[in-house]
Amino acid sequence: MIDDIIKNFSFWLESIVEDDPIPYEIKNICFVYTKTNSCFVLCMGGTEFKPNQNNIFDFFPLEAQFFNCFELNKINDEKYYRNLIKTCIDESFSSNYLKYQYYKKCIYFGEYGERLEFLFQVEKN
Numbered sequence: 001m002i003d004d005i006i007k008n009f010s011f012w013l014e015s016i017v018e019d020d021p022i023p024y025e026i027k028n029i030c031f032v033y034t035k036t037n038s039c040f041v042l043c044m045g046g047t048e049f050k051p052n053q054n055n056i057f058d059f060f061p062l063e064a065q066f067f068n069c070f071e072l073n074k075i076n077d078e079k080y081y082r083n084l085i086k087t088c089i090d091e092s093f094s095s096n097y098l099k100y101q102y103y104k105k106c107i108y109f110g111e112y113g114e115r116l117e118f119l120f121q122v123e124k125n
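Quick note: the sequence shown uses the working numbering, first residue 1, plus one each step.
Worth flagging that the hints you see were computed from the coordinates, not collected in a lab. Among the hints, erroneous ones may be present.
Computed spacing ranges between beta-carbons, pair by pair [as the list claims (entries may be wrong)]:
| id | residue 1 | residue 2 | range |
| --- | --- | --- | --- |
| 1 | E25 | Q53 | 14 to 22 Å |
| 2 | Y100 | N37 | 35 to 43 Å |
| 3 | F60 | R82 | 18 to 26 Å |
| 4 | T36 | K124 | 31 to 39 Å |
| 5 | K74 | Y103 | 32 to 40 Å |
| 6 | E78 | Q53 | 17 to 25 Å |
| 7 | F11 | F60 | 18 to 26 Å |
| 8 | Y24 | I2 | 14 to 22 Å |
Virtual Cβ for every residue (Gly too), placed ideally from N, Cα, C.
Could you put the whole structure together from the sequences, leaning on the hints where they help?
As structure tokens, then:
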């Protein structure tokens with residue numbers, strides 16, 4: 001199950017930059033989730049400046065506004081969800097294609113409206 005989620009997540013990230021290349025000015029990529037009813041919703045956006053609650057999306061293409069994954073919709077434990085998404089982020093950025101497309105971007109993760117956690121800066125091999 002986890003391998004399928006990671007594969008779908010990587011495909012989602014590749015699809016975003018294929019349709020809407022990240023502008024040079026965007027230095028930070030933010031993965032943000034919210035909890036609605038009984039499931040979590042994940043989106044991705046970017047900002048030119050260090051993200052805070054007020055400026056997380058200067059770059060927010062349509063494809064990035066919702067990560068649709070059936071397996072994730074079954075999860076209702078927030079701690080498990082957070083750890084799983086962090087794993088997806090880490091594993092996805094081992095791809096050379098994503099390293100190239102997101103090169104030098106700082107990656108953040110967190111809940112919408114809360115302080116985002118810095119994870120890493122994307123580097124090439």
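To see whether the hints hold, each was checked on the structure:
Our hint of 14 to 22 Å for E25 and Q53 holds, since their Cβ atoms are close to 21 Å apart. Distance hint check: the CB atoms of Y100 and N37 are about 38 Å apart, consistent with the given range 35 to 43 Å. Between F60 and R82 the C-beta distance comes to about 21 Å, which sits within the given range of 18 to 26 Å. About 37 Å separates the C-beta atoms of T36 and K124, a value consistent with the hinted range of 31 to 39 Å.
For K74 paired with Y103, a C-beta distance near 34 Å keeps the hint of 32 to 40 Å intact. The hinted window of 17 to 25 Å between E78 and Q53 holds, with their beta carbons roughly 19 Å apart. The hinted window of 18 to 26 Å between F11 and F60 holds, with their beta carbons roughly 19 Å apart. Checked against the hint of 14 to 22 Å, the pair Y24 and I2 fails, with Cβ atoms roughly 34 Å apart.
In summary, the structure is inconsistent with hint 8 from the numbered list given earlier, while agreeing with all the others.
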